[in-house]
Amino acid sequence: MYLLCAGMQKDLRRFLRDPVALMFWLALPLGIGIAITLATGGAAGPKPIARLFLVNEDQSLVSDILIQAFRQAGGVFQVEPVERAEGRRRLDRGEGTALLILAKGFGEAVLAEKPFRLELITNPEQRILPQMVEELLQVLRQAVFYLHRLAGNELKALAAGRAGSRVFSDADIARISIAIHQTANRLQNYLYPPAVLLETAPRAGTGTQANISMMFLPGILLMSLLFMAQGLSDDIWKERNQGTLRRWTIAPGGPLPFLIAKLVSAAVLIFAVSLIILSIGMAYHGLPFYRLPLALLWSTVSGLLFLSLMQFMQLYASSQRAGAILATCLVFPLMILGGSMFPLERMPAWMAAVGRCTPNGWALELLKDILLGRSDPTDWSAGFAGMALLSVAASLLTVRRIPTFARN
Amino acid sequence: MIEVAGLCKNYGDIVAVREVTFQAESRQIFGLLGPNGAGKSTTLGCISGLLPPSAGRVRVLGHDVVLERRAARAQLGVVPQEVSLYEDLSARENLSFWGAAYGLHGTELKERVHEILGITGLADRSQEPVKRFSGGMKRRLNLGCALVHRPRVLLLDEPTVGVDAQSRRRLLDLVRNEARNGACVLYTTHYMEEAEELCDRLAIIDHGRIIVQGTLAELHRIVGENDILRFAGKFDADRARAALQDRNGVEIVQLTADSLRLSVAGASHRLAELFAALAAAGCEIRETTLTQPSLESLFIKLTGKELRE
Chain Z
27 MYLLCAGMQK DLRRFLRDPV ALMFWLALPL GIGIAITLAT GGAAGPKPIA RLFLVNEDQS
87 LVSDILIQAF RQAGGVFQVE PVERAEGRRR LDRGEGTALL ILAKGFGEAV LAEKPFRLEL
147 ITNPEQRILP QMVEELLQVL RQAVFYLHRL AGNELKALAA GRAGSRVFSD ADIARISIAI
207 HQTANRLQNY LYPPAVLLET APRAGTGTQA NISMMFLPGI LLMSLLFMAQ GLSDDIWKER
267 NQGTLRRWTI APGGPLPFLI AKLVSAAVLI FAVSLIILSI GMAYHGLPFY RLPLALLWST
327 VSGLLFLSLM QFMQLYASSQ RAGAILATCL VFPLMILGGS MFPLERMPAW MAAVGRCTPN
387 GWALELLKDI LLGRSDPTDW SAGFAGMALL SVAASLLTVR RIPTFARN
Chain F
26 MIEVAGLCKN YGDIVAVREV TFQAESRQIF GLLGPNGAGK STTLGCISGL LPPSAGRVRV
86 LGHDVVLERR AARAQLGVVP QEVSLYEDLS ARENLSFWGA AYGLHGTELK ERVHEILGIT
146 GLADRSQEPV KRFSGGMKRR LNLGCALVHR PRVLLLDEPT VGVDAQSRRR LLDLVRNEAR
206 NGACVLYTTH YMEEAEELCD RLAIIDHGRI IVQGTLAELH RIVGENDILR FAGKFDADRA
266 RAALQDRNGV EIVQLTADSL RLSVAGASHR LAELFAALAA AGCEIRETTL TQPSLESLFI
326 KLTGKELRE
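Protein sequence lines, in the order shown, are assigned to chains Z and F.
The numbering of the first sequence is this note's numbering, which starts it at 27 and goes up by one.
The numbering of the second sequence is this note's numbering, which starts it at 26 and goes up by one.
With the rest of the complex left out, here is chain Z:
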C-alpha cells in the first residue's frame, strides 16, 4: 500500500510538472467543443433547415398547393422560387438542399391522375435534409392517390372543365364538398372509429433530446481521453530511457505495483480532465448534474482501458519514435471511426456499425446514453465489467512484457 501511494505520488508529481501536456489535454477538447458550438449555433441553435429551390413553370393551383405544403411542413423547409438555370447554378455551388422543378402541365396531370415526371435534384454534400424533401414529396404523391380514390370523378371533371385556372367558382367548391361529404358518409363505418389507432408518444424515461453540439460532447471527451492515453502510454518509454524501469524490475515487488500506481495516478488525471469537460459541457447544454457521477466513472474507466491497451502496444514498438508513430496511427482512425470527429449518427450505416465496435465508439455510445438519461443499468454494468476485464488483461500482459522491455 505504501508502495502504491509512493508510486502514485511520484507519477502525479511528474505529470503535474509537465503543465504543457496537461494544458493540451484540456485545451484541445474545450477548443474543439467551443468551435463546434459556435459553428452549430450552440445549445439553443437553429434547427436544421432544408433550403429548397423551386422552379414553378406550371403556375397552377396544384403547384401553389404543393409549395404551401412545403412551407407549412413544421418550418423545416425554406422554399425559394428560382429560375431553372439559377437554381441549378446555386445548387451546384452547394447553397441549397434540393432543386424541385414543377414543369408545365403538373397541375393538370395531378387533377386528371395522369403520369407526370417531377424533377428533383438533390445536393450530394447533404445527407438527411435532401431525404426529407424526397420523403415529403412521396407523402404528397400518396395523398394525391388517396384523394383520387375519394373524389376522383370530381377532380377529373374539374380538370376537364377548368384546366389551367387558378380560381374555383362557388358552384365548383360546393359540388366537390358535397361529393366528398357523401363519400365520407359512405365510408364512415370504416373510418369512425378508426380500425387502427396511431398514438405517438415520447420514449419512456427522462431522456433528453440532443442537438448537434450536444451530440459532439461525448465525442470530444473521448477524443481527449484518446490523446491522454497516447501521451501517458509514452511514459513507459521515458521510464525505460532514464533507467528507472530497470530499477522497478529488480525491486522486490517486481513491476506490478509500479504499473498499478501508474494506472491509478493516470486515472486521477483522467478523472480531473473528464470532470472539467463534462461539467462545462453539461452546464452549457443544461443536462441534469445527477448524471455526472456515472458519466465521470464511465469516462475514467474508458480512459484507463485506452491507456492499458496503448501501454501494452508501446512495449512492442522497436523505439520510442516507432511507438509514438504507432500510437498516432491508431488514435486518429479510432477518433474518426469512433465518432469523435463526426457523430456516428451522421456516418453511413456501415461506417457507424464499424465505429460502434471500436473501444472508443463503444464507450462513446454508452456515455451518450448516460448523458442523455437513456442508459440502462444492465447496459452500463455490463460495460463496466467488459472494460475492467479488458484493462486487467492488457495490464497483466504488460507486466509480463516489462522485464524484457526494460532489458532491451
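Please note: incorrect hints may appear among the correct ones.
Stated by the list, open to error - Taking CB as the label site, the calculated pair distances span: (1) Z:Asn434 <-> F:Ile236: 25 to 35 Å; (2) F:Asp38 <-> Z:Arg372: 52 to 62 Å; (3) Z:Asn434 <-> F:Gly160: 23 to 33 Å.
These are calculated hints, taken from the structure and not from any lab test.
Here the structure is a predicted model, which means the values were calculated and not measured.
C-beta: ideal position from N, C-alpha, C; glycine also.
Based on these hints, arrange chain F on the given structure of chain Z.
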C-alpha cells in the same frame, strides 16, 4: 553473502557468461575487472534478477535469486551503470520513492533520506530537480538511491564512468564506508587503478569467463616481478621467436606481424640487448612501451591484450 556457481548466460548462440563461479563475503569489496563486453554487467544482471541465468545458481544471503526472488532482491542495493533517476523529481523525492519501493515508510524513511542526503553531500540541493545536477551529483544520488534501504549486499556496475576526480573520490569513499559498515560489495570496473585501490578480492573476467581470481596479494604474486614490454613495428614471427626463445627471464606473451609483447624480468636494464637481438632477426621496431608489474600486466599476460583494447 553472494554465491555464484557455474553461472552461464546465453543470448541465442552467443555465450555472454560461461561457468562463472565466485563468492563474496560481508565487509568485503569484491571486484569484477575486465574490458568492455567481457560479461561483467551480464553477471551483475543475473545476480540482481534483471536477467534470468541460462545455467548455474546465484544465492544472495542464502536466497536463490530465481526461486526466492523477493527475499533475495530485498537484500540487494543495485547501482546501474547508467544513471537511473527521475530527472524531473528532486533528490529528496527520488530517495523517498526508492526507499518506499524497498518497504521503508514514515519516520524511518524520512530519517534515512535525510541521512543519505548528508552522506552523498546533496543536502543543500535536495529540493532541486535532478535535471539541474552535474554528472557527479547524479552519480552520487544514483548510489544514494541504492543505499537508502540499507541493503546488505551492494552491486555497483561501473559507478564512476564519466565522473570527475573529486566526485569519483567521494563515490569510492562511500563504497568503502558501506563495506566497513558490514555490507558485501560487488564492484565492476574496467579501471585497473580503481580496482587495485578499492577491492579486497578481485576476479578478472574476459570473454564471459573468469580467468583468475584472488586477493590483491595473490594476484600480485601471479604477476611476479616481470615487466611487460611491448614493441610495435614489423616482425617475422619465426625469426623473432628464434631470436628470443633461449633468453633467460624473457617470455613471449603475444606475437603478431606488427606487435610483440614480452614478459621480461628487469626489462629496463635489458632494452639494449633485446633491441639488438630483434634487429639482428630482421625486425623493425617503431615504438616501445614498458609496463611495470600490475593488474594491467597480469591481464596482458593472461589474455595477450590490454584491458582497454
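Structure-based check of all given hints:
1. Here the CB-CB span from asparagine 434 of chain Z to isoleucine 236 of chain F is close to 29 Å, well matched to the stated 25 to 35 Å.
2. Take aspartate 38 of chain F and arginine 372 of chain Z: their Cβ atoms lie about 58 Å apart, and the range 52 to 62 Å holds.
3. Checked against the hint of 23 to 33 Å, the C-beta distance between asparagine 434 of chain Z and glycine 160 of chain F comes to roughly 25 Å, which is consistent with it.
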